[in-house]
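**Q** Chains U, R and Z with the ligands: place on chain L using the hints.
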Amino acid sequence: MGAVTASIMFHFVSPSYAFEDGITLILLLAATCFVIGLHLMNAPPTANHGNRLSAVGMAVAVAATLALIAHDGTITTTGWLMLAVGGVLGSGIGLYLARSVEMTAMPQLVSLFNAVGGGAAALVAIADFVRLAGIAGAPTIAARISVTSVLDVVIGAVTLSGSIVAAGKLQGFIPSNPIVIPGGRFINLVLALALCAGTGYILSGANSDITLIGIAIAALVMGVIMVMPIGGADMPVVISLLNAFTGTAVAMAGFVINSLGLIIAGALVGASGSILTKLMADAMNRSILNIVAGGFGTGDTASVIGAGATGQVRSVGADDVAIQLAYAQKVIIVPGYGLAAAHAQHSVKELADLLEKRGVEVSYAIHPVAGRMPGHMNVLLAEAEVPYEELKTMEEINPEFPRADVALVIGANDVTNPAARRPGNAVSGMPILDVDKAKSIIVIKRSMGYGYAGIDNELYTDPKTGMFFADAQAGLRAIIAAVKTLVGVD
Amino acid sequence: MGAVTASIMFHFVSPSYAFEDGITLILLLAATCFVIGLHLMNAPPTANHGNRLSAVGMAVAVAATLALIAHDGTITTTGWLMLAVGGVLGSGIGLYLARSVEMTAMPQLVSLFNAVGGGAAALVAIADFVRLAGIAGAPTIAARISVTSVLDVVIGAVTLSGSIVAAGKLQGFIPSNPIVIPGGRFINLVLALALCAGTGYILSGANSDITLIGIAIAALVMGVIMVMPIGGADMPVVISLLNAFTGTAVAMAGFVINSLGLIIAGALVGASGSILTKLMADAMNRSILNIVAGGFGTGDTASVIGAGATGQVRSVGADDVAIQLAYAQKVIIVPGYGLAAAHAQHSVKELADLLEKRGVEVSYAIHPVAGRMPGHMNVLLAEAEVPYEELKTMEEINPEFPRADVALVIGANDVTNPAARRPGNAVSGMPILDVDKAKSIIVIKRSMGYGYAGIDNELYTDPKTGMFFADAQAGLRAIIAAVKTLVGVD
Amino acid sequence: MDTSLITDVTIFVLSLLVGFEVISKVPQTLHTPLMSAANSIHGVVIVGAFLIASTAHNTVGYVLAFIAAVFAGMNVVGGYAVTDRMLQMFQRRPAPAAKEATEQGGNS
Amino acid sequence: MDTSLITDVTIFVLSLLVGFEVISKVPQTLHTPLMSAANSIHGVVIVGAFLIASTAHNTVGYVLAFIAAVFAGMNVVGGYAVTDRMLQMFQRRPAPAAKEATEQGGNS
Ligand SMILES: NC(=O)c1ccc[n+]([C@@H]2O[C@H](COP(=O)([O-])OP(=O)(O)OC[C@H]3O[C@@H](n4cnc5c(N)ncnc54)[C@H](OP(=O)(O)O)[C@@H]3O)[C@@H](O)[C@H]2O)c1
Ligand SMILES: NC(=O)c1ccc[n+]([C@@H]2O[C@H](COP(=O)([O-])OP(=O)(O)OC[C@H]3O[C@@H](n4cnc5c(N)ncnc54)[C@H](OP(=O)(O)O)[C@@H]3O)[C@@H](O)[C@H]2O)c1
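Residue numbers (our numbering), protein chains in the order written: chain L, 16 to 505; chain U, 16 to 505; chain R, 1298 to 1405; chain Z, 1298 to 1405.
Derived by calculation from the structure, the hints in this document are not laboratory data. We put the beta carbon where it would ideally sit given N, CA and C, even for glycine. Keep in mind that a hint or two might mislead.
[As the list claims (entries may be wrong)] A partial selection of chain Z residues facing chain R, derived with a Cβ cut-off under 8 Å:
| no. | residue |
| --- | --- |
| 1 | 1302 |
| 2 | 1304 |
| 3 | 1306 |
| 4 | 1308 |
| 5 | 1312 |
| 6 | 1314 |
| 7 | 1319 |
| 8 | 1321 |
| 9 | 1325 |
| 10 | 1381 |
[Claimed, not checked] Derived lysine to aspartate or glutamate pairs resembling EDC-like cross-links, with alpha carbons at most 16 Å apart:
| no. | chain 1 | residue 1 | chain 2 | residue 2 |
| --- | --- | --- | --- | --- |
| 11 | Z | 1322 | L | 297 |
| 12 | R | 1322 | U | 297 |
| 13 | L | 479 | L | 410 |
| 14 | L | 452 | L | 410 |
| 15 | U | 454 | U | 486 |
| 16 | L | 345 | L | 371 |
Bound-form chain L, shown alone:
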């Protein structure tokens, strides 16, 4: 326990225990709010309350911390200024981005927020370390502090750069296909060795803040090298994993500055984030290791099937589609990433309304990994006010396809690819929507282009299938117009 005693001397807290104990209890209350909040978020009806409760807990934690700082009295006026201006500025940016971003860009925004969270966690350790190291004649920083500082900095920095790359891939300013960095493995090895050396040096008792910053830079590079070779399709899982990383980094920051609140909330996110990552990977039929190893959906995989499969394609026009839909009994709409990319969610709702007015039974087949993030289609269609009850899960809707007159596939590709039923290709084993069982099929997409897995889709060459080549938004508008003109809805 000698280590602890040493660290006490250099710690920033005042000895006024009673007040502090009160603050700790309040932080514990806040953490309890986080837990109950997450619990409530396990089910749709209570999810909203859960998030609000969690936010209340956060507000309480921040207020308590401000009270503690004021009570402590060690803060300088400049310190207050940094804290206030920084906090307000950051909050403003966060709020603006959160409010203004398009629905389809949410995953990359979450990734960005995660990046800065990891960065903040790393900075906390760096700032504390720099401060401790700067105290003249200070004894060696206790192992307890230095070990957790290094962990915090490494995890936080990897998260910072890795999450930015992930966001970039989703946003498109970094190519989303797997980018294998030449010599990546070698660079990683060198960096890892450098990290170990630096850590050893710090643990040997050198209060070297430069070394810690060097470690941070090495970790930043590692984050980039880690995420670059992973394909964009796997990004949501990667973001979730990095989210769990940040939680862990925050917990480490809690060890560094001796804050139970940070330890609890950080560990909570570290663990729940890991479980969530596993659930997400399971839903995509992938293993986390497999994803992090990277390379899914490379050009290689595409060429395996991409060769000869292209058979006869039947191309159809808006009028054909309109008539087919208007005289159907039962239409199942299969939305995919293309719907999101074209922002066509409102149009699809309008078309569905039109059809329902004519007495057509319309439902939506939601594949768990359609789009680019789990729940993507739900979020999107909910935005367009599609009734929750019309959204059917894969398990619910698959038995209904044989009874559907038309399956209307809008910008979906991989999730409908019958190749998934065969082994040996990039989508093998993924559960798919049984679109090919419908009586007839219409596919709206711009070209014969590939989906995320980068392989051909035999559905498109099925004799029952009509391809309507158009941007999802433009195509739907054309169909709506055609339905109105030709069939003459009141």
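**A** Relative to chain L, chains U, R and Z with the ligands alone:
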């Protein structure tokens, strides 16, 4: 924190922190085993592993504690003797009872183990308090210790006596019907006041161990008064509640003797036990408050319906039953408490085998609260090696009753009572097995006696129903013999 | 080890949260075994009973420690044994001799 | 308040257990909002950023604290706001005007 400093002086632990820290970590590991064990127990296939893992954790915790005590060196030889002889003796008794008890008596055994657990928790606080109070010239015992001591003693003592009464009601040496103690409310009030006074006296700084023992005695009486008015049918929920109590008492004991292991494991049981109690009460369609308020199934309730309903009863013999069963296509067996009471699980299995050999389709309808504890019928029939797949839950089996040629009700009563579908009686609102929808019904029971709710069952006067008045065991043996003789199975 | 009251309370609260969350949608079949399992876990009070014995230095102390040890021993060993016995019932048995009679038992 | 390493570790482990248990069978629809919610919770690092600001006494310290505060502020406020926006999608809307068109929409 002054309180803590004071308590440190009188604490039994040595200042050798490193060793102790190691022990604390081992206890934390043990607690983690408990958590993972409980987690695994949420599903049947892993439940067994869960319990074993938990047991391993416990063994580790005990070993670590023995190591700590040996390392501390403050224990006397007599102390070792008490510890060893007491531990071995208790373990032996526990093991013997656990091995030898009949399946149907398990709930009362769990209640007994719970009672002694609560007793042990109370004794820990009492012993520690007596010891501290006995140190000559000792300062006032810290509020932190005395508050938790009182809580531990009160909760532990209530559990001790309450659980024994609960066990007694299930075992039958205390009448299982609700016993309203004359003036119970008044006695409770007096006891509560006495408790408060005693607590106040102790908190005022009097190191009075006599007062603490007085509090224990008052709590013991309260436990009896609390459980006596509750009907035997509600006992499983009460046992589960008292189980959660013991957990809390153990956590309090952890505060008293400053053992993180006890705090963690105790709180774990306190919380998970509460959730479990709620789940159990929900399954019985009762609220916990309602149960603790008591009086369910009193004579009053019985007389409401018990009056005129008794219509014509058709009595049948073993041969009738045998022929009906042997020539049926589909038989649904409805086991109830009487099957357990008569230990007839093996006979029912034998009869089912006999029928299945003849090609009759046999399944078992398991009502969630059939018998005297949740899962009672499953445990019982599993003991007789009835295949798990033949046990159908209420939801699964209810739609099948109309297709059943014979519903064979063995010692079940309340769970088949159609009166539950009407309001205004003791079983109103309880979901029931739709036995009355079967093509014909046979009921094996000894008399027209009531079930736990103490009311008439209209099923018995249904024209489709044949009553075979016999002890379940004897009746089944007679039917088996009759099937063999009359129908002549090879 | 003496921990501060505040950390003890923190640990208590966190353990409560773990307890609340660990029990999710248990099938009713498992209610009794689960109750029994929780019952065995609070048998950890045996640790307390042992520590009490380690500080006892007079007759009253010895007697109390002895009774506590007996009680806790019953709780913990009996608890695990009885739970185990209940759970044995859920095990898939590897087709014992007694199974022969149910050969045509359909889905067994 | 300075707590001992051992209690910190205990609290860390217990919080991990809570985290593991609190996420149970979430419907896939909620995966993204839940990820976003967890993301907001680690925004609690803002507490750390503030404490760092409270001990900063030179330029380097101020700059680091400032950046940390900006980052953490973005994380926490943006995180909750974006999660809230996602979850708004799941709310039953009280039949707005736009609903008129779906009158015969069956089960809506
Ligand atoms: N949801 C998740 O959590 C998640 C996460 C990571 C990866 N993934 C992966 O993403 C894939 C999702 O499958 P998916 O069927 O939804 O999508 P997809 O297989 O990626 O196919 C999307 C299709 O939409 C078309 N498209 C693009 N922009 C369009 C526009 N503006 N208008 C019309 N069409 C457009 C594209 O074809 P054209 O270029 O010919 O138009 C493309 O073939 C799966 O492989 C899944 O594993 C999902
Ligand atoms: N499972 C639980 O968790 C639980 C817990 C608490 C309360 N309860 C309550 O217990 C009741 C359970 O319903 P149930 O239908 O299983 O049982 P029940 O309603 O209590 O009826 C049992 C019947 O079995 C007959 N019986 C007793 N000994 C017998 C023997 N040796 N041979 C043949 N028959 C015998 C009795 O009639 P005779 O005397 O005429 O033979 C009695 O009517 C419900 O009211 C439930 O709410 C259940």
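**Q** All hints are to be evaluated individually against the structure, with a verdict given for each.
**A** Going through the hints against the structure:
{"no.": "1", "hint": "1302", "in the structure": "violated (11 Å)"}
{"no.": "2", "hint": "1304", "in the structure": "holds (4 Å)"}
{"no.": "3", "hint": "1306", "in the structure": "violated (11 Å)"}
{"no.": "4", "hint": "1308", "in the structure": "holds (6 Å)"}
{"no.": "5", "hint": "1312", "in the structure": "holds (6 Å)"}
{"no.": "6", "hint": "1314", "in the structure": "holds (5 Å)"}
{"no.": "7", "hint": "1319", "in the structure": "holds (5 Å)"}
{"no.": "8", "hint": "1321", "in the structure": "holds (5 Å)"}
{"no.": "9", "hint": "1325", "in the structure": "violated (18 Å)"}
{"no.": "10", "hint": "1381", "in the structure": "violated (24 Å)"}
{"no.": "11", "hint": "1322(Z) x 297(L)", "in the structure": "holds (12 Å)"}
{"no.": "12", "hint": "1322(R) x 297(U)", "in the structure": "holds (12 Å)"}
{"no.": "13", "hint": "479(L) x 410(L)", "in the structure": "violated (23 Å)"}
{"no.": "14", "hint": "452(L) x 410(L)", "in the structure": "holds (14 Å)"}
{"no.": "15", "hint": "454(U) x 486(U)", "in the structure": "violated (24 Å)"}
{"no.": "16", "hint": "345(L) x 371(L)", "in the structure": "holds (10 Å)"}
Hints 1, 3, 9, 10, 13 and 15 from the earlier list are contradicted by this structure; the remaining hints agree with it.
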